[in-house]
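All chains, full assembly: derive it from the sequences and hints.
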Amino acid sequence: MTATLLLLAAVFAGAAAALGHVHRPGVAGEAGLAFWLATAGLWLLATVAVSRLARLEPRAPAARRVVDAAVPLAFGAFLFFLWEVIVVGAGVPAVLMPAPSAIAAKFVASLPTLGADFVQTFVKSVLSGYAIGCTAGFLTAIVADRVPFLKRGLLPLGNFVSALPVVGIAPIMVMWFGFDWPSKAAVVVVMTFFPMLVNTVAGLSAAGPLERDLMRSYAAGYWTTLLKLRLPAALPFVFNALKINSTLALIGAIVAEFFGTPVVGMGFRISIEVARLALDMVWAEIALAAIAGSLFYALVALAERGATFWHPSYRQ
Amino acid sequence: MRIEGSAGTGGMAATSNGVQVIDIAGLTLTFDTADGPVYALSNVDLTISEGEFVSFIGPSGCGKTTLLRVIADLERPTGGHIRVNGVSPEEARLRRDYGYVFQSPALYPWRTIEKNVMLPLEIFGLPKAERRERARTFLELVNLKGFERKFPWQLSGGMQQRASIARALSFDPRLLLMDEPFGALDEIVRDHLNEQLLRLWGKTGKTVLFVTHSIPEAVFLSTKIVVMSPRPGRIIDVIDCDLPRERTLDIRETPAFLAIAHRVRDGLRAGHSYED
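If you read the protein sequences in the order shown, they are chains A and B. The opening residue of the first sequence carries number 3 in this note's numbering; numbering runs sequentially from there. The opening residue of the second sequence carries number 15 in this note's numbering; numbering runs sequentially from there.
What the hints contain is simulated information worked out from the structure, not anything from laboratory work. Be careful, since some hints might not be right.
[Unchecked claim] Mimicking DSBU-like on lysine-lysine, the simulated pairs with C-alpha atoms at most 30 Å apart in a straight line are:
{"hint": "1", "chain 1": "B", "residue 1": "Lys129", "chain 2": "A", "residue 2": "Lys230"}
{"hint": "2", "chain 1": "A", "residue 1": "Lys230", "chain 2": "B", "residue 2": "Lys159"}
{"hint": "3", "chain 1": "A", "residue 1": "Lys126", "chain 2": "A", "residue 2": "Lys230"}
{"hint": "4", "chain 1": "B", "residue 1": "Lys142", "chain 2": "A", "residue 2": "Lys245"}
{"hint": "5", "chain 1": "B", "residue 1": "Lys129", "chain 2": "B", "residue 2": "Lys217"}
{"hint": "6", "chain 1": "A", "residue 1": "Lys230", "chain 2": "A", "residue 2": "Lys245"}
{"hint": "7", "chain 1": "A", "residue 1": "Lys108", "chain 2": "A", "residue 2": "Lys126"}
{"hint": "8", "chain 1": "B", "residue 1": "Lys164", "chain 2": "B", "residue 2": "Lys129"}
{"hint": "9", "chain 1": "B", "residue 1": "Lys164", "chain 2": "B", "residue 2": "Lys142"}
{"hint": "10", "chain 1": "B", "residue 1": "Lys164", "chain 2": "B", "residue 2": "Lys217"}
{"hint": "11", "chain 1": "A", "residue 1": "Lys108", "chain 2": "B", "residue 2": "Lys217"}
{"hint": "12", "chain 1": "B", "residue 1": "Lys129", "chain 2": "B", "residue 2": "Lys159"}
Take a look at the structure:
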């Protein structure tokens, strides 16, 4: 335990020293063999430290949580460290791969632009498209469940539509709904509708036969059975679709902006800055998309835990 | 060969007052399957009076569960006459005449034990205060006081099944239908629940129809035992079980108990010999 912590501290100190050293003139872009050997040694030390950390199993639940969080954090931080040291030390051109520090500096310097892009792409296109697509898919599933011919006719069609590539439908949606965010929201609606439909239809048949017989024995009608049994039983499936859709929606909205957009938006910025070889801005947008997408997914997953706490995969 | 005379003979249990709760004559149910028709029930005759505890026993496929499901209107017969509390099974179901206890507890995992017991009361539109009051009463009756806020999956199998019995009793149905409720439980838990069930029946005076695989369980609980046989599903014997009403598990060692158990076993064996 103590040895592991000391080792971690040593790695941390070594990494800090290397980071300070690599940016100096005379080292940046022309680091010598000694520097690379030292970095390789640090790498070995870090590997030992993290694998020792991962083996720790403290008994206190709080300490366990700290360790559980520390392992991926330490691992990720070291990856960023290597990225920074290699790119700066070897003098990799920024067009090929900017250093994390350069991306972070660009991120902070362009906050107003990133903010405007976030509102345009995430708040307007993704959230509205996601809400409309998921709601429509859910309601259609309930109707399809009641009307057998819809269930048999719509589901194969759903598989067909969900196989359509987003690069195919995006230009069509731009033709239909114009350059601004409604056409992007429409792409998101198309992308999220069918996963929700298919999952909810499957979920509505998840309730067991005895549970249904119980409702029948109470002379419960269609709506009572739906609300008190079938929808709760379908919730794990619905949340599965919500999680799939949270990532699909962001991809759809960003890619759709490649096909015509006003001069704002994450997809627009990525395509325009690539053309101007401003790769640090592209990476800043990618970082923004990663953060927004992860938080969105995490929020949905958190809601899932709250709503389906009774499911065997979450029981405590 | 059916033993016709035994159906409808009166004078079994002390509390039965002669009112016919179940009246079945010539009941037939045939399932059409890809492999040809399956005769789940063939020409079944049976009457059951109010306040009786009737067990249905027989090997798998003898139609005992199907018969219970027909009474509950969960299955439609293909022929014959059936009356539940003087009306058709569907009318009886629609006016909520019976509580059904299934082979597994069938509690909804997203509801607490208390909310599970209140489920039928919610559907029947009882006011909230009464729902809570009844849940309290019936959970106490099945010895689950203090577990109201637990979820079903936090309880043992025996406790879950007791909760499902409380749920079936909560709306005070005239008839309790139980389909192998203790089949999945171990012997010791089963003995314990059998004693509790007997006490419960004594307290509530309901008519109970009880499907089981176990001869000792059937003899211990019942005022009347219906022995069934498969292919086609039919009744081969109806045995009056006139042991005293106050029973403890010790009764299983007495000659009277063993004599009845012997007759049940003979009936089951006779039913089996038809197949060969």
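Can you list which hints this structure breaks, lowest number first?
Structure breaks hints 3, 4 and 11.
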